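Peer 1: Whenever a hint applies, use it, and build me the whole structure from the sequences.
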Amino acid sequence: MTKIKKMVSAKKVMAVMVLGLISGALLGAQQAMTLTPELESQVAAQLGSKQVIILIAMLQTAALASLATIAGVWASPKVHLNKPFAWSRTSIAAAVSIGLLSASFIAIAEKLVFAESLGLAERFEFSWLYFLGSVLYGGIIEELLLRFGLMSIIIWLASKLTKTTDRNGIYIAGMVMAALIFAAGHLPATAQMLGLSTVTVIRTLLLNFLPGIGFGYLYWKHGLAYAMLGHIATHVINQLVLLPILFNVMN
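In this text, residue positions in the sequence shown follow this note's numbering: the first is 231, and each later residue adds one.
None of these hints come from the bench; they were simulated from the model. It should be emphasised that the depicted structure is a prediction, and the values quoted were computed from it without experimental measurement. Any given hint might turn out to be false.
[Claimed, not checked] If you anchor each label on the Cβ, the simulated ranges turn out as follows: (1) T394 - E355: 33 to 41 Å; (2) P267 - S347: 22 to 30 Å; (3) W317 - E346: 17 to 25 Å; (4) L440 - S347: 25 to 33 Å; (5) P314 - L436: 28 to 36 Å; (6) T394 - S357: 41 to 49 Å.
[Stated by the list, open to error] In silico lysine-lysine, DSS-like type, Cα no more than 27 Å apart, as pairs: (7) K390 - K313; (8) K393 - K313; (9) K390 - K308; (10) K242 - K451; (11) K341 - K451; (12) K393 - K308; (13) K393 - K241; (14) K393 - K451; (15) K280 - K390; (16) K341 - K242; (17) K451 - K313; (18) K451 - K390; (19) K313 - K241; (20) K241 - K341.
All C-beta atoms in this analysis are idealised placements derived from N, C-alpha and C, irrespective of residue type, glycine included.
Peer 2: Have a look at this one:
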């Protein structure tokens with residue numbers, strides 16, 4: 231039985247590694263395309279070509295996602311977070327609802343609060359590359375990293391310190407800490423695109439922390455697949471519906 235479990239775990243890690251390479255390629259391509267002339271010159275001087283960014287992103291994403299999967303496979307059963315996937319209308323409704331709430335919060339805050347102060351583009355330009363990267367990297371890889379891996383480990387450590395796995399407080403603490411790290415993890419991309427200032431830092435932390443709480447709740451109460459569904463729904467609703475309406479039709 232242990233041998234079968236190890237084989238299944240190895241297959242999961244291999245699948246995640248392949249997915250990490252694909253999503254890393256999309257992420258790296260997006261980063262390479264959005265380099266400023268100054269950064270492009272620096273990258274060319276240091277790496278020889280900006281295409282190297284894609285290779286680095288592929289390898290880094292695959293490695294981190296694989297490690298997070300190993301950590302999650304080990305830690306999640308110990309804190310009752312290894313919920314088997316099952317079709318559930320309740321869970322689907324929860325995931326879609328959190329996706330809709332997250333997308334609405336992000337899009338409305340972007341339009342009404344941050345667009346003018348940061349001089350963001352008045353019209354939304356859809357990009358298939360960015361959309362696919364958001365769905366694969368954001369919706370799947372980030373949930374493996376931040377929820378399945380990190381949140382599970384944090385809650386396991388908290389359970390050891392408090393000598394319990396039943397207290398809601400340790401799950402809420404793990405959810406909040408994972409969401410904070412999730413939000414902070416978006417700062418390097420913000421620095422590349424907008425630079426770092428008080429406004430850009432607040433924007434990045436706020437627009438990622440609150441959705442991160444929702445995704446953590448889905449992982450805790452409904453399982454990893456529904457955390458991924460909620461995260462994917464956020465990007466789909468945002469990029470296909472809300473941002474085009476708010477930034478194109480309303481201008």
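Peer 1: None of the hints should be skipped; say for each whether it holds.
Peer 2: Tested hints:
The supplied range of 33 to 41 Å is broken by T394 and E355, whose beta-carbon atoms lie about 50 Å from each other. Checked against the hint of 22 to 30 Å, the pair P267 and S347 passes, with Cβ atoms roughly 25 Å apart. Between W317 and E346 the beta carbons are some 44 Å apart, a value that contradicts the proposed interval 17 to 25 Å. Range check, L440 to S347: Cβ separation about 19 Å, and the 25 to 33 Å hint is violated.
For P314 and L436, the hinted distance range of 28 to 36 Å is satisfied, since their beta carbons lie about 34 Å from each other. Remark: the range hint 41 to 49 Å for T394 to S357 is upheld by a beta-carbon distance near 47 Å. Restraint check for K390 and K313: satisfied, since their Cα atoms lie roughly 21 Å apart, inside the 27 Å limit. At most 27 Å may separate the alpha-carbon atoms for a hinted pair to count; K393 and K313 meet this at roughly 22 Å.
With a CA separation close to 10 Å, the supplied pair K390 and K308 stays within the 27 Å bound. The straight-line distance between the Cα atoms of K242 and K451 is roughly 22 Å, inside the 27 Å bound, and the hint therefore holds. Annotation: proposed proximity of K341 to K451 is violated, straight-line Cα distance about 32 Å (limit 27 Å). Using a Cα cut-off of 27 Å, the hinted pair K393 and K308 holds, with the two alpha carbons roughly 12 Å apart.
The hinted pair formed by K393 and K241 fails the criterion: a straight-line CA distance of about 33 Å is larger than 27 Å. Restraint check for K393 and K451: the C-alpha separation of about 21 Å stays at or below 27 Å, so the hint holds. With a CA separation close to 45 Å, the supplied pair K280 and K390 exceeds the 27 Å bound. For the hint pairing K341 with K242, the CA-to-CA distance comes to about 40 Å; that exceeds 27 Å, so the pair is violated.
Pair hint K451 plus K313 holds up; C-alpha atoms about 9 Å apart against a cutoff of 27 Å. With a C-alpha separation of about 21 Å, the suggested pairing of K451 with K390 holds against the 27 Å cut-off. Simply put, K313 and K241 have alpha-carbon atoms about 18 Å apart, close enough for the 27 Å limit, and the pair holds. About 43 Å separates the Cα atoms of K241 and K341, which puts this hinted pair outside 27 Å; it is violated.
Checked against the numbered hints listed earlier, the structure breaks hints 1, 3, 4, 11, 13, 15, 16, 20; every other hint is satisfied.
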